Amino acid sequence: MNTFKISPGTLIVWALLLTAPFWINFAGGYVELCTRIVVLGLAAMSLNFLLGYTGVLSFGHAAYFGLGAYATAMTMKYFVESTPLALLAGVVVGGVAAAIIGPLITRLRGVYFAMCTIAFGQVFYFIAFQWRDVTGGDDGLSAWHREPIHFGFATLDILNNNKAFYYFVLVFFALAVGVMAFILRSPFGRTLLAIRENERRARFLGIPVDRHIWMSWVISCAFVSLAGALYALLNDFVDPRALRWDQSGNFVIMAVLGGMRSFWGPLVGAAIFIVLQDYISSHTENWMSFVGLIFVIVVLFFPRGVLGIIRRKLAS
Amino acid sequence: MSQLLLFNVFNGLIIGAFYALMALGLSLIMNLSGVINFAHGGFVAIGAYLAYTISPYVGFWGALLISPVLTAGVGLIVERILIRPLYGRDPLYSLLLTFGLAFIIEDGTRYIWGAQGLQYQIPSWLQSPLSSDLFFLTGYRVFMVAMVAVIVAALFFILNYTRLGLRIRAGTLDLETVSVLGVNVRILRNLNFGLGIYLAGLAGVLAAGMLGLQPTIGDSLIMPSFISIIIGGLGSLPGTLLGGLLIGVASGVTTVFLPQASEAVIYVMMAAVLLVRPHGLFGEEGRF
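If you read the sequences in order, they're chains A and Z.
So for the first sequence, this note's numbering puts the first residue at 1; every next one is plus one.
So for the second sequence, this note's numbering puts the first residue at 317; every next one is plus one.
Only chain Z is shown next, with the shape it has when bound in the complex (with noise of 0.2 angstroms):
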């Protein structure tokens, strides 16, 4: 029973650290350019499919540091010419246009590389069992989630400690006069989406390896970081993360006792966080 436990709290946290590297990547996106991005499914698909087509020139290694950066590349891209005509617009149409762009990225990656699933090859020696008694911790589990820590760190570093990240910071809260204080508010913004996709991307390399290869690989991760969000409180980072791995480990528990719930669980959670917190364990009133 206690390994059981064991099991599924830790399968559910590898999956809220999906959940909070997805999560993390639409707050960015959310907090400085007010933008829903409903394509960040089609982004981490994006990521997880170049993975596959670099890796056998330049291997798992090469394909985890170099698809993110293709991926965050794409999404400067798009940002650059779909999104920019649409600051300042209702945030209705954003919303409708990232819509539309996860229908196209979704039917593009199927009409590229089929609807069939893939295999996503990892190193052999991730593979194995840490240990038999401990036989579910695979050392790709293990790799993942410390990947996912080390991002994490790095980009509360950035945030905290470079001008780009105060930048993004300063603009989060008063974008109006970070503007008149000499600042391309034009590169911010598109960098920081940048940013997001690259997070977006990584996920979905990392998503490859444990999950396989689907042109929809993304379609099951966006609603749960939407709620990631919603009970982090939006325009709060930590809260981002808090919320991605508590509703992580939450549906992972409830595996073990209620296995229907696992899913249900997590909207009982929104819904009590807004019951009692309208915005958010860390969001702040009147932010939005």
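The following block holds chain A by itself, in its conformation from the complex (with noise of 0.2 angstroms):
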């Protein structure tokens, strides 16, 4: 076993990761973007857990985004100011709520497991929009903002220094994605590729499928709810369309994109869709055209997605 091999592109990822913020404005980004790529790259992982290595097709993964988001703006701005508490109630909040809808949808399987996630993901999308005393409705909840971290001794001012902030995500986005591998390489991780590899020989071998599909499912959202609390606190406001189904699809196409099949896929693929989102809206009123695009050519043209291209280069 391999176990604690580090293999060179996990080295890679990390040494840019590490230092992205000294060298993002050489290259025409800014501190900003970096942060959201690591959030949603954290999202678009959390899903391809579910998706890459356990074989099931969610495609609502941005309700418990979305509620992670909402868990933590509405502790800030109505319970305490804590940034740490507000990140712990997203990732409750989305975990529970998941855990709960999930034994409703486990039992179902391919297409119409999908359908019934991207129905359900709708459920937060209108309480969030209709229930304007508490969520502010089609306007979203602002009027708060993330506080700096006070650790005795000193102040981590992620508020004002968007540096600080960025490492303070990629703290939580080390420790997330670390436990996430960790999983995988556990037995009950290799349960999981069984079961995506051939899911009736995984049940003949006694394995219950269901309940290791609704543990992966709950893992799953409960990080995404965390790259909804991050989300949350790098925007200082939440509004519906962190919940909206085509927030579900921009993290399958992340993951599509990067490649679902390799661990750090998702995350290329986040940074690639973000960069060229962030460009083309800039530059084009008709940029949802142009996402759709997307879409359509990485489906039709590199459906392994980037690394997988890269892999089978390698080995050819």
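A few of these clues could be false.
To be verified - Which bits of chain Z does chain A cover? Going by a derived footprint, with three or more residues having C-beta under 8 angstroms, they are:
id, region
1, 389 to 403
2, 545 to 556
3, 573 to 583
4, 590 to 598
No lab work stands behind these hints, which were simulated from the structure alone.
Please read these numbers as outputs of a predicted model, since none were measured by experiment.
Beta carbons: idealized from backbone N, C-alpha and C, even for Gly.
Take the two lone chains, each set in its own frame, and fit them into one complex as the hints suggest.
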């Protein structure tokens, strides 16, 4: 077992992530763009835990992303102005919601599963949209902001120092990604791969498939909620668009664009997608068409994703 | 009170008829090809805007006849070029493709016809209420329900009594065998896709007369259509029809007693159905 071997790819990714705020300005970007890539990359990687490693097609992850974001924003606005507590609230709310909805859908497979995740995703969108008094409706929740972190001996000013906030996000990213990698290398993670490869055989071996898919679903959704919570902190704002079905589609396309079968693929996909979106939306009003075109081109010409193509080139 | 209830039940029935019309098209495509057509709402918009463009030349009735056919033509081309290469691959890919297509169509209609809402002219005799007691029953609303009833009857006639319909139903059960028996499956899937898009185009023309035209006209209809299919059971067209009418009337009735929950009630119904019958009211276990 190569449990503790670190691949060159992983080293490159971490080298880039750790130094990003220092060279991104020379590359034509800005620090907030890096933070967004890390946050949405975490969301796409969490989705890929389910999509790429368990083989279950979820098209409703924006719901849990948005739940995490709203829970964080509402904690900050209505209860305590504490960044760590708000993050915790985001993860707990998203994870619990996923755990409750999970049993309803984990019995289903394929397109049926996908459709039910889409439909359940919209529930929270409607709640956020219509419950104006609490969620602010279409206008979203504003008039709150992330709080600096006090350690007693020092203060991390994540509010005004955008590099500090980037590294703050990166710490949570590292934790989440580390835990996911650890789970995937455990016997439980191997079982998920077995279910992906041949569900019927896994069932005959006595593996409780539905329960495993449910657990994978909850893990995946909890990490997506973490990403959502960080996203709310990044913007100091949250609105129903964070919950909408097009956000779910964006996560899936990031995973596919980067490569579903590689661990870092969704992060690479998120980077490409966000940079393209940033560039296109600042140059044309019809950016929606171009984003749609990205979807079509990826599906027709790059179904294996960028890392899938690179891996193939290296192998041949 | 009773009149209010009657009004909302009938309103729910109309909306349910829309859901059913869209959901039947979605269902046809999904059953035979395993494709979740996210762009269905986009085709509804295309149907509506095409009707708007041609109605000055061919009139309301001409547009009602021609526009859905043109929309179906667009659907045939889309299937041929974009969706056909994806058969046999993971359903993830066709879902993503139609997802992107939905973006492109929405943006395209906005580009061509503008972002502002437009009025769609319907014949004046259809606009007036049927009687002063039933002031809410305009001729157009009754006409729409009747129209949907006729189309649904025609659809079930085609599926049950024509060769094409027989092949579609057989292909839904076992496409491989149908192919081995000498049916050209590519053409079958193409025509079936066109048939589904025809229903979307028709829903668009009818919706244009009631709601007016907007690039996002199909957006509010697509989620309830998915839910109609889930409640009715994947693979069952009568189930889909019933599912659509059921959630339409349910949300209409809820409007009377608890207006805020009229949207939420259909999701509650979906959760309840999934809890008791995971494969929908008329779905068969093991097919999906």
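query: How about the region 573 to 583 of chain Z: do at least three of its residues have a C-beta closer than 8 angstroms to a C-beta of chain A?
result: holds (count 4)
- prompt: Quick check: the region 389 to 403 of chain Z, covered by chain A? Criterion 3+ residues, Cβ under 8 angstroms.
  reply: This one holds; 3 residues, not fewer than the three required, reach chain A with a Cβ under 8 angstroms.
field: Coverage criterion applied to the region 590 to 598 of chain Z (partner chain A; beta-carbon cut 8 angstroms; 3 residues)
entry: holds (count 4)
Annotated coverage of the region 545 to 556 of chain Z by chain A, confirmed only when three residues or more have a Cβ within 8 angstroms: holds (count 3)
Comparing the model with each earlier hint shows no violations; every hint is respected.
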